[in-house]
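Chemist: Use these hints to put chain B onto chain A, whose structure you have.
Quick mapping for you: the protein sequence lines, in order, are chains A and B. Numbering (the numbering used here) for the first sequence: 1 to 161. Numbering (the numbering used here) for the second sequence: 1 to 775.
Hints may be right or wrong, so weigh each one.
Within a straight-line C-alpha distance of at most 30 Å, the following computed DSSO-like cross-link-like pairs (lysine-lysine) qualify [stated by the list, open to error]: (1) A:K128 x B:K647; (2) B:K80 x B:K691; (3) B:K218 x B:K235; (4) B:K357 x B:K404; (5) B:K701 x A:K57; (6) B:K555 x B:K617; (7) B:K441 x A:K128; (8) A:K128 x B:K644; (9) B:K14 x A:K128; (10) B:K80 x B:K235; (11) B:K687 x B:K763; (12) B:K165 x B:K691; (13) B:K481 x B:K617; (14) B:K701 x B:K687; (15) B:K701 x A:K128; (16) B:K80 x B:K218; (17) B:K404 x B:K449; (18) B:K357 x B:K687; (19) B:K14 x B:K617; (20) B:K647 x B:K441; (21) A:K128 x B:K763; (22) B:K64 x A:K3; (23) B:K357 x B:K162; (24) B:K647 x B:K701.
What the simulated footprint calls covered on chain A by chain B, stretch by stretch (three residues with Cβ under 8 Å from a Cβ of chain B suffice, anywhere in the stretch; the number is not a length) [what the hints assert, rightly or not]: (25) 69-81; (26) 113-122.
These are calculated hints, taken from the structure and not from any lab test. Cβ atoms here follow ideal geometry from the backbone N, Cα and C, with glycine treated the same way.
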Amino acid sequence: MAKEIATFIVNGQGYEVIVEPHMLLIDVLRDSIGLVGTKYGCGAGDCGACTVLLEGKPVFACLTLAVTARDRSLTTIEGLADGAGLHPIQQAFVDAGAVQCGFCTPGMVLTTKALLDENPEPTRGEIKAFLAGNLCRCTGYVKIVEAVESAAGILRNGGAR
Amino acid sequence: MTNEPHSEFSSVGKSLARPDVAAKATGAARFSADIALPGMLIGRILTSPHAHARIVAIDTSRAKALPGVAAVITHADVPKRGFTRSVMAEGLPPFAYETENLDQYILSDKARYIGDWVAAVAAVDLYVAERALDLIEVEYEVLPAVFDPEDALAPGAPVVHKGWKDNVAGVIEHPFNRGDLDAALASSAHVAEFSGRNSRQKQAHMEPDAAIASWDDKGRLTVWSPSQNAHLAKKAMGRRVFDIGEGNVRWITPAVGGGFGARLSFGVEPVAAMLAKVTGRPVKVLVTREEDFNGWNSRTEQRQTIRVGVGEAGEITAIEQDVLSDSGAYFSHSGTISAVNMQSTLGVMRSPVVRGKALMVYTNNPTASGMRGYGNPEGSFILQQALDIAAEKCGMDPVDFRLKNARGPGEPSMWEPQAITTCALPECIRRGAVAIGWDQKWHGWGAGKEGRYRRGVGMSIMTHASGAGGFLLEHSTAVMKLDEDGTASLSVSPCEMGQGILGVLAQIAAEGAGLRYEDVRTVTGDTDVTLFDIGTHASRSTYAIGNAALDAARKVKAIVVERAARMLGVESEGLDVRDGRVFAVADSSVGVSVAEVAHAGIYEYGTDARHIMATGKHQSVMHCPNFQAGFAEIEVDVETGVIKVLKLVIAHDIGRAINPLTVEGCLEGGAAQGLGYALTEDLVIDKGTGKVVSDSFATYKMLSALDMPEVEVILVEEPDPTGPFGAKGVGETGITNVAPAIANALYDAAGVRVHSLPITPEKVLEALRAHGAGA
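So here's chain A without its partners, still in its complex pose:
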């Protein structure tokens, strides 16, 4: 199959990458562009660790053919915060004790971003349902759900705590 040069727009920055048709978005992000915050957890779309936002919507980078994402806006965990500080969602995860080993955290945080963009005031049940595709082995989700509730409140308040 033919190799081609494709452009990926990741966190607002364009990257030209040599891709083959069978290459997966996760490998382009991690190996070609060097953004390794996106995690490989299962390769099957079961765990959500590789979640990135494609035009604002969560997708599994491990199941997405790279060529389908070219020239489209991608957000990875590295692009969430504005500047050197933490995004309010990230800060809420830190404050609530929602991060243990941290391997699921990038996907969990980006899924939360997608949820709160779509539904700024989710109920606890809506939070749990939206996060059901992101597995965490460490926390039992108790503090993750608390973090999302907290982040929702902070974002509704314009980012102030």
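Modeler: Here is chain B on its own, set in the frame of chain A:
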């Protein structure tokens, strides 16, 4: 939460943010697979499609010819040196190590389970490596295989390991057997018996295994991998896998995406090291989730029978435990886990007579190992149901029966002959019972509940070690040094795998030295920097490494006080240090900052220069057992067999919660794993082929956020005099009580017991039908 900050402390007892989590939230943290070295190749492993097969021939020529392939290795290319996958075994005393079976090779000439390693490739990238695997041609002679440990014991069963006469991998008597069991049971008023088995729960750390290896020009090996005990891994690699000596191995532990016991074993590090040696380039070996499920780590399936004798007054007279462990294809942790099962499971109950025996058996199933709890969740599922059966025979409330028969202070601990120093178990039981509403919801034995949806409550208690002090190798060393600005580095060697130990140790050291928490950096993850430590397992790090950190911190504080006294021209006796400032207790306006003292020590142009530092040590003679009570309320649908857990309560004897938020998270996460163990998680192995059927997160059902019930964590603080600020261990414990508490709640709700984990709706319905109830 129930825990107020302790005002006498600046750092200890406060839910301070951990130092490592912000980087994990931004994606900046680097896990092993995230690291790339110049010139690095990607390694992949070819696995066997057969459960038992001799490798007749391997043709690697087509794979080697593929552009981008640097090396293909097989059993012919590796040292003929046997080792055990259990890296933790390196901490065993020689007499115990001799009972470990050195049955593992980097690559073997015989496949012993589906997924066993046959060959490995190193190539320029993952895609080329994958193509190369497809081009390796292996000729197998398929051999008869055995997948059930009882079948494996039958005469004429296929023998898994060459040169062995049978599949008996080992036999262990409970080290603390005592008394005449037969006589004690014969004279008991009642004997309760329960038999059952646990599933092969997967550790399922979210980060798949990965390892990088690189050799330098002097033949020194550096490994990057998620090991829970890097110093022991260094020894195993230098002494067993290769014969190069410990000094020729440096082990770096990047961020670790969960461990849960899996990383007490070798992952793919030996293969990475071999590929790197052959190619002369750094090699990163990667693993798929499917390979992990078909692989070299899971909880060990144990089939057990426990009998409990009880006297007229409801006192336990004797306990017998019989364990059959399915080691799988390689021995790994199956010996140590069987011993710890008996010690921890039975160690919570007082009994004048004990007899325990474990038999470990090879099969052609994937290699089992140790998982969080390390035998305790396996044994407690059986014992805690046997205790309820005994309580019912005596007509006693399960709460009262346990309060009457549980061990307490002064009595032998789970590792005899040490004595229990502190034990808040009665308080855990009482507070847990209140939280679940025991007195309102438990209506006596045979309460005869009716209707489709039946509610019940159940309980379980446990003890667990805080390290193996007094029983196994158990010492830790910490080095603390003060920089010129009054901040400090604390060099220690736990594994930070998510549990929050870096923050906990910084809190302990900050408190001990009189520094601010944010001014203490915990340095770890490199065996060239840290001193020997057996690593993170057995719920030991807060207790054992914490004691070493506290010792170092107090020594640093003493040096600071002594030098400050000279600077201030006062006696050192009247000085204290807190929050980075030395001050006179009698007049706090007299003082100097630690930064000034530290700076003056380094930039001292006379004869008294000193970079303030100290080495702290913990040589454990005690394992400081912790205790816990767990409660569950469930509702079972007797038409479908579905169990809905309404609430879990975990009341833990923590001694002192150094960081309450971290301890809560640890127990909540443990409870979630316990709930999966109880109800859904099952590594299903096809009985005909030995193939793992549930080899993905789609088929191996871990709980999602949607599945979690309310979990109430109660921290009972009764500081133990031997722990740092009174702290005891907690790491593994949250998992243990959940399954037995749910099983006992099922009996309360519907009058049936299920004898194997997980307790699926099918098994509940089967039990209900056998019992003549339900739909």
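Chemist: Compare the structure with each hint and give your call.
Modeler: Results of checking the hints against the structure:
1. A:K128 x B:K647: 17 Å, holds
2. B:K80 x B:K691: Holds, at roughly 28 Å.
3. B:K218 x B:K235: OK: K218 of chain B and K235 of chain B at ~18 Å, within 30 Å.
4. B:K357 x B:K404: The hint holds at about 26 Å.
5. B:K701 x A:K57: 26 Å, holds
6. B:K555 x B:K617: 11 Å, holds
7. B:K441 x A:K128: With a Cα-Cα distance of about 29 Å, the restraint between K441 of chain B and K128 of chain A holds, given a limit of 30 Å.
8. A:K128 x B:K644: Holds, at roughly 17 Å.
9. B:K14 x A:K128: 28 Å, holds
10. B:K80 x B:K235: Distance ~18 Å between K80 of chain B and K235 of chain B Cα, so the pair holds.
11. B:K687 x B:K763: 18 Å, holds
12. B:K165 x B:K691: With a Cα-Cα distance of about 25 Å, the restraint between K165 of chain B and K691 of chain B holds, given a limit of 30 Å.
13. B:K481 x B:K617: Holds, at about 15 Å.
14. B:K701 x B:K687: Distance ~20 Å between K701 of chain B and K687 of chain B Cα, so the pair holds.
15. B:K701 x A:K128: Judged against 30 Å, a Cα distance of about 17 Å means the pair holds.
16. B:K80 x B:K218: Between K80 of chain B and K218 of chain B the Cα gap is close to 23 Å, so the pair holds against 30 Å.
17. B:K404 x B:K449: 28 Å, holds
18. B:K357 x B:K687: Distance ~27 Å between K357 of chain B and K687 of chain B Cα, so the pair holds.
19. B:K14 x B:K617: Between K14 of chain B and K617 of chain B the Cα gap is close to 25 Å, so the pair holds against 30 Å.
20. B:K647 x B:K441: With a Cα-Cα distance of about 13 Å, the restraint between K647 of chain B and K441 of chain B holds, given a limit of 30 Å.
21. A:K128 x B:K763: Distance of about 28 Å is within 30 Å: holds.
22. B:K64 x A:K3: Holds, at roughly 23 Å.
23. B:K357 x B:K162: 26 Å, holds
24. B:K647 x B:K701: Holds, because 20 Å separates the two Cα atoms, which is no more than 30 Å.
25. 69-81: Coverage by chain B holds for the region 69-81 of chain A (5 residues, Cβ < 8 Å).
26. 113-122: violated (count 0)
Checked against the numbered hints given earlier, the structure breaks only hint 26 and satisfies all the rest.
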